[in-house]
Amino acid sequence: MLEIRGINKHYGAHQVLTDVGFTVGSGRMTGFVGANGAGKTTTMRIIIGVLSADSGEVLLDGTPLTDGDRRRFGYMPEERGLYPKMKVGEQLVYLARLHGLSPAAAKRNTDDLLERLGLGERAGDLVEALSLGNQQRAQIAAALVHDPEFLVLDEPFSGLDPIAVEVVLTVLKEHAAAGAPVLFSSHQLDLVERLCDDLVIIAAGEIRANGSRERLRDQFSTPRFEISTDADAGWMRAVDGITVIGFDGGEAVFEADSDAASQAVLREALSRGAVHSFGHLRPTLASIFKEVVQ
Amino acid sequence: MSTDIGSRQDSPTQPRTRATHSAPGFWSSVWLVASREITARLRSKAFLISTGILLLLAIGSVVAGGLLSANPSSTQVAVVGSASAVVGQADGLTAVSADSVADAEALVRDGTVAAAVVPADDSLLGVSVIALDSAPMDVINALSVSPSVQLLDPAAQGGFLVYLVAIGFGLVFFMSALTFGSTIAQSVVEEKQTRVVEILMSTIPVRALLAGKVLGNSIMAFGQIVAIALLVAIGMAVTGQRVLLADLGPAIGWFAVFFAFGFVMLASLYAATASMVSRQEDVGTATSPVAYLVMIPYFAVIFFNDNPLVLGIMSYVPFAAPVGMPVRIFLGTAEWWEPLLSLALLLVTTAGVILFGSRIYRNSLLRMGGRVTYKQALRG
Numbered sequence: 001m002l003e004i005r006g007i008n009k010h011y012g013a014h015q016v017l018t019d020v021g022f023t024v025g026s027g028r029m030t031g032f033v034g035a036n037g038a039g040k041t042t043t044m045r046i047i048i049g050v051l052s053a054d055s056g057e058v059l060l061d062g063t064p065l066t067d068g069d070r071r072r073f074g075y076m077p078e079e080r081g082l083y084p085k086m087k088v089g090e091q092l093v094y095l096a097r098l099h100g101l102s103p104a105a106a107k108r109n110t111d112d113l114l115e116r117l118g119l120g121e122r123a124g125d126l127v128e129a130l131s132l133g134n135q136q137r138a139q140i141a142a143a144l145v146h147d148p149e150f151l152v153l154d155e156p157f158s159g160l161d162p163i164a165v166e167v168v169l170t171v172l173k174e175h176a177a178a179g180a181p182v183l184f185s186s187h188q189l190d191l192v193e194r195l196c197d198d199l200v201i202i203a204a205g206e207i208r209a210n211g212s213r214e215r216l217r218d219q220f221s222t223p224r225f226e227i228s229t230d231a232d233a234g235w236m237r238a239v240d241g242i243t244v245i246g247f248d249g250g251e252a253v254f255e256a257d258s259d260a261a262s263q264a265v266l267r268e269a270l271s272r273g274a275v276h277s278f279g280h281l282r283p284t285l286a287s288i289f290k291e292v293v294q
Numbered sequence: 001m002s003t004d005i006g007s008r009q010d011s012p013t014q015p016r017t018r019a020t021h022s023a024p025g026f027w028s029s030v031w032l033v034a035s036r037e038i039t040a041r042l043r044s045k046a047f048l049i050s051t052g053i054l055l056l057l058a059i060g061s062v063v064a065g066g067l068l069s070a071n072p073s074s075t076q077v078a079v080v081g082s083a084s085a086v087v088g089q090a091d092g093l094t095a096v097s098a099d100s101v102a103d104a105e106a107l108v109r110d111g112t113v114a115a116a117v118v119p120a121d122d123s124l125l126g127v128s129v130i131a132l133d134s135a136p137m138d139v140i141n142a143l144s145v146s147p148s149v150q151l152l153d154p155a156a157q158g159g160f161l162v163y164l165v166a167i168g169f170g171l172v173f174f175m176s177a178l179t180f181g182s183t184i185a186q187s188v189v190e191e192k193q194t195r196v197v198e199i200l201m202s203t204i205p206v207r208a209l210l211a212g213k214v215l216g217n218s219i220m221a222f223g224q225i226v227a228i229a230l231l232v233a234i235g236m237a238v239t240g241q242r243v244l245l246a247d248l249g250p251a252i253g254w255f256a257v258f259f260a261f262g263f264v265m266l267a268s269l270y271a272a273t274a275s276m277v278s279r280q281e282d283v284g285t286a287t288s289p290v291a292y293l294v295m296i297p298y299f300a301v302i303f304f305n306d307n308p309l310v311l312g313i314m315s316y317v318p319f320a321a322p323v324g325m326p327v328r329i330f331l332g333t334a335e336w337w338e339p340l341l342s343l344a345l346l347l348v349t350t351a352g353v354i355l356f357g358s359r360i361y362r363n364s365l366l367r368m369g370g371r372v373t374y375k376q377a378l379r380g
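Chains as they are written, first to last, in my numbering: chain A, 1 to 294; chain B, 1 to 380.
Honestly, the hints are just simulated from the structure, not real lab data.
Please note that a few of the clues may not be correct.
What the hints assert, rightly or not - Cross-link-like lysine-lysine pairs, in silico, DSS-like; alpha carbons within 30 Å at most:
| # | chain 1 | residue 1 | chain 2 | residue 2 |
| --- | --- | --- | --- | --- |
| 1 | A | K85 | B | K45 |
| 2 | A | K173 | A | K107 |
| 3 | A | K107 | B | K375 |
| 4 | A | K107 | A | K85 |
| 5 | A | K173 | A | K87 |
| 6 | A | K87 | B | K375 |
| 7 | A | K290 | A | K173 |
| 8 | A | K87 | A | K107 |
Computed from a predicted structure; not experimentally measured.
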């Protein structure tokens with residue numbers, strides 16, 4: 001488990017991070033969302049150790065992170081880049097060895113990973129000779145080539161083609177399934193919503209919300225329900241304790257004052273005809289985000 | 001609490017199977033970075049070509065020096081009759097017999113000989129010299145009687161030779177430091193410009209990255225210097241300039257030692273100043289203060305190689321000592337302890353410069369965009 005506690009950071013007179021704290025659980029995919037300039041990259045740089053915080057600490061299973069621990073991290077910076085005039089394979093072997101792998105293990109991991117990412121035949125090409133999409137894949141390989149035990153990825157999906165997005169998704173899920181804490185930032189809220197177990201929302205350098213996706217959804221949910229029937233749903237307007245937000249033929253969205261009121265609507269609907277679906281309408285990440293950031 | 005990687009307990013429900021990591025030590029990281037730098041240099045055509053040219057120049061200057069010193073050994077003169085006995089006793093003259101004075105004059109006119117020596121009764125030496133358009137000084141000197149000369153304080157080396165040697169050291173230092181200095185500067189900015197530096201920084205300590213880059217480039221620069229020194233030494237031995245080699249040898253040896261440490265200092269400065277900019281176009285401007293440091297000893301040694309005071313100062317100023325001290329050693333004006341003292345001074349300065357440079361380097365690497373000011377770079 002990775003624990004970030006009380007991080008403050010300023011540049012000149014500008015306070016970039018204020019008391020930032022959250023945890024990235026083992027085996028949990030944690031999405032880190034926030035607007036541009038909210039402090040995502042700075043936070044990730046502090047976790048990975050390329051920036052130092054003014055105060056606060058980063059703990060791994062309860063003890064402060066050491067440089068040795070950081071070598072077991074896989075990090076993908078927001079600003080992508082590899083040596084343009086170095087061969088793809090050699091470059092990955094080099095990075096793996098910097099992380100402490102033996103030459104043989106570095107070579108093996110490089111070959112495996114390039115194969116999985118569909119770059120097997122490009123190992124001998126210079127990075128600058130690759131297409132943009134393939135350069136992105138090589139970048140992903142650079143973050144994973146040393147079998148990292150923790151992943152910190154800054155906007156891993158930006159600039160990826162849909163196929164590469166799926167490849168990255170698969171890899172991230174594998175790492176999380178193997179017990180690795182995975183932290184990634186993204187602008188693509190729908191993607192984060194689909195992927196994440198946990199969410200951290202940051203705005204203006206402060207953590208505005210964090211916790212499991214389900215808990216956040218519950219926390220920000222309103223007593224709103226959605227129902228789909230095959231009869232006209234106009235009668236609902238007359239039910240006590242019910243406010244219909246919108247309806248279209250047999251489908252309606254309503255707010256209920258109490259559970260009893262919503263159940264009453266369901267019973268009534270069943271007596272009038274078939275009910276295809278009935279459910280508590282939970283907020284989307286986009287709406288939660290909008291709410292906490294304001 | 002233990003921070004040992006091997007002993008950290010993972011939560012029991014999520015066992016980790018990967019065991020390939022053994023955190024490499026500081027120096028193995030340094031060496032990995034240095035090896036990459038060396039490999040990148042060795043694959044660069046520009047590097048191989050410029051090294052080839054430098055080595056050819058070194059060989060060429062030794063061979064040219066050998067030819068120049070071998071040339072004046074023997075001058076051909078035509079001799080007539082009894083003059084051959086006089087010429088036979090003189091050093092550096094080769095006699096070509098002529099039947100008559102007229103034949104000898106003809107040989108002078110067509111350039112077969114430099115001069116003719118003919119019998120002359122009215123001369124004190126019994127011969128007179130016939131030449132074409134000017135008095136042939138080498139022939140006259142060879143035939144002259146000179147008084148013996150006793151020098152009270154003989155100069156170890158002749159003036160022109162000193163000039164050549166001084167320029168030689170100055171030029172080799174200047175070229176190598178500038179070439180490899182700008183190479184390391186470009187390599188620093190390349191990492192910054194292509195953003196790969198953030199991955200590197202997240203992997204190994206910044207000090208290891210800087211040390212590796214300095215070490216790799218220093219090894220290449222030093223290798224080039226040693227190759228030049230060896231070529232010059234072998235060239236001198238082969239072309240029969242063993243006397244000069246014996247005089248020059250210690251100076252070349254000290255030059256190599258001073259260069260090794262002096263270059264580490266310059267390379268750190270090049271890396272630090274280059275890290276303050278984000279684009280290759282700005283490298284020249286950013287590193288120009290260091291380039292001046294490299295140029296000063298070169299021009300100083302050209303203009304002041306006969307000025308003991310300036311050479312004395314140069315031999316102790318850390319960035320000029322790699323040129324100043326070897327020249328003084330060659331001149332024989334340095335006491336045995338002087339190179340050691342100067343070297344100690346250089347080592348201390350180099351250590352200080354590395355600390356200063358790594359601070360700038362560390363604080364500048366992640367600042368993209370405009371040029372980082374010294375104030376920002378030093379404050380962090």
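Straight-line Cα separation of A:K107 and B:K375 no greater than 30 Å?
43 Å, violated
Regarding the pair A:K107 and A:K85, is the alpha-carbon distance no greater than 30 Å?
Roughly 19 Å between the alpha carbons, so the hint for A:K107 and A:K85 holds.
For the pair supplied as a hint, A:K87 and B:K375, is the alpha-carbon distance within the 30 Å limit?
38 Å, violated
Is the Cα-Cα distance between A:K85 and B:K45 30 Å or less?
Holds, at about 13 Å.
Hinted pair, alpha-carbon criterion (30 Å max): A:K173, A:K107. Please report holds or violated.
24 Å, holds
Within 30 Å, alpha carbon to alpha carbon, are A:K173 and A:K87?
28 Å, holds
Would the pair A:K290 and A:K173 pass a check requiring their Cα atoms to be no farther apart than 30 Å?
27 Å, holds
Taking only the CA atoms, is the gap from A:K87 to A:K107 under or equal to 30 Å?
The hint holds at about 13 Å.
The structure shown violates the earlier hints numbered 3, 6.
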